[in-house]
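Visitor: In case you want the letters, here they are:
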Amino acid sequence: MTNSAGNSAVLGVAQLPMRTRLPETTYADLLGQAASKAVADAGLDLDQIDGLLLAQAPTTTLGVDEPQYWGIAGLPGADKFLGRVHVAAASGLTALRLAAAHVKSGRLRNVLIVAADLADEAASLRGALGAMHDPFTSGQAPINAITAAALQTSYYMATHKASERTMASVAVKNRGNGALNPFAQLRKPVTVDEVIESPVLSWPIRRLDSSPRTSGAAAIVVGRAGDVGPKRAVRIAGYGAFSGARSIGAQMVPGASSYLDGSDLTEAARRAYADADIADPTAEIGMAEVYASFGIFELLSIEGLGLCGSGEAAPRIAAGEFQRTAPLPVNPSGGATCGNPISASGLVRIAEAVTQLRGEAGERQVELKAPRAIVTATGGLFQTHEVGVLEA
Amino acid sequence: MSAARERNREEPQDIEFVDAGWRVAQRYHADPLLLRFFDGLKSKQLLAGKSPAGRAIFPPASLCEVTYSEVTELVPVGPRGVIRTFTVLPADPPKVIVFVQLDGADTASAGYLRGVWEKDMYSLDLIGAPCIAVFADEPVGDWSDFWFELGK
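Those protein sequence lines, which keep their order, are chains A and B.
The numbers in this note's numbering rise by one with no breaks, and the one at position 373 of the first sequence is 373.
The numbers in this note's numbering rise by one with no breaks, and the one at position 99 of the second sequence is 99.
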């Protein structure tokens, strides 16, 4: 094995049902439930976990109070090797890279990665996200997750002559997929008309083109491929990451336009494919779970991953490609459109891909033309990109 | 995401919530070049930072994020520029947010586009359109001192 991850594999996964509110749950409960389910899924005993990575944003409680008071230190493996990763919504896949490197090195045997998000504890998610910006430059205009994605969407529509109806096909595909996913928060399919008639959040982005506010949790166990049965272990075939410039405005000009054309993600994918020895992703990949809190993220991801040419993703989805029953399904879970516990969303992508590669996805199981899945996660304003290749 | 929807959702019964916030007072350190930029606005000047390699960063920053070199020099840019992308915020009337690359700058920066009829706000032809920074009559040294209007 010459790739970055060596013989490391995802041995166990767990996700909790995503919900608008989980009022009877604390962070400690969520983390503990997801953690123990993932360890059980791997068929391991709790004391076989010798490393714990918490892969989530600080919360008011977890960030300020003593972590052990809230039970992080009580999670499996934390007494042996405790770490924490916070790269916003990219955290789950960043943690996967770190865990795989530790397993490959022989330093750790079984690393548990866990993340939870209780978004309903914030009085307003928009208010919480809006509080995160630079106090000196934010007076220019309200640039937040929604307006920033809208800036990419209008550019995509102008550059590739894509209509609002064509763009809406992403949400329609994903909401249809989510209807079959018992973990999804939103399980009602929508039509193109419903998407383009839903209220504008920041034109061209409308409410149904945007992910909901979600509470949820997920966990995975990373260990050695040979340590569980061959059907259960999903090998980490490779990974790649790329983080772009700190200001999005520096990446919107001729010659440096990665914020608008998604080329930072292309670089992360190039690294992942080189690591996993993939020459032709359209032939060698069976499915993809990409982080798409807005439709534009999915389009830029499909194109950045080399699954189609620039500007082709929207019309091809509208024409029926990348659907759940198509040869290369993208977000067969429904993706973040149907539930987005932001901190845990990277782990949810991994859990979904592993479940599909094992053939355990039940009603939402897709037919895999190749035994490989791509997972992605993206942090900041489309600034930090993670691409992983998983192989059954 | 809608604040209105959040407010309308009923609290579940028999669950005790603890109201608490995370308010930690901060005294943020301003980038000295940015303070000089705000000063420049008072005399209706748009100042960019110029890196040793010649990259013009607007608004200015004391560290060039491409070359990691220190930036100490300020140079005027604009007032003309090109709209690189935009979005429209729902309001009455709606507000157009643009990212504009000012003439002489190597970056685009955010601001409001004013003077556009509502029927023209959703035109994708805005991308690539020439525009000009327009100053308030009596600038005070903050972001509200200037905005953009269409035109060469």
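There could be a bad hint or two in this list.
Straight-line distance between alpha carbons at most 30 Å, and here's what the computed BS3-like set of lysine-lysine pairs gives [to be verified]: (1) Lys161(A) x Lys50(B); (2) Lys152(B) x Lys161(A); (3) Lys161(A) x Lys95(B).
Hints in this document: simulated from the structure, not taken from any laboratory.
Visitor: Straight-line Cα separation of Lys161(A) and Lys50(B) no greater than 30 Å?
Guide: violated, 36 Å
Visitor: With a cut-off of 30 Å on the C-alpha distance, tell me whether Lys161(A) and Lys95(B) pass.
Guide: holds, 23 Å
Visitor: Is Lys152(B) within 30 Å of Lys161(A), Cα to Cα?
Guide: holds, 25 Å
When the structure is compared with the earlier hints, a violation turns up for hint 1 alone.
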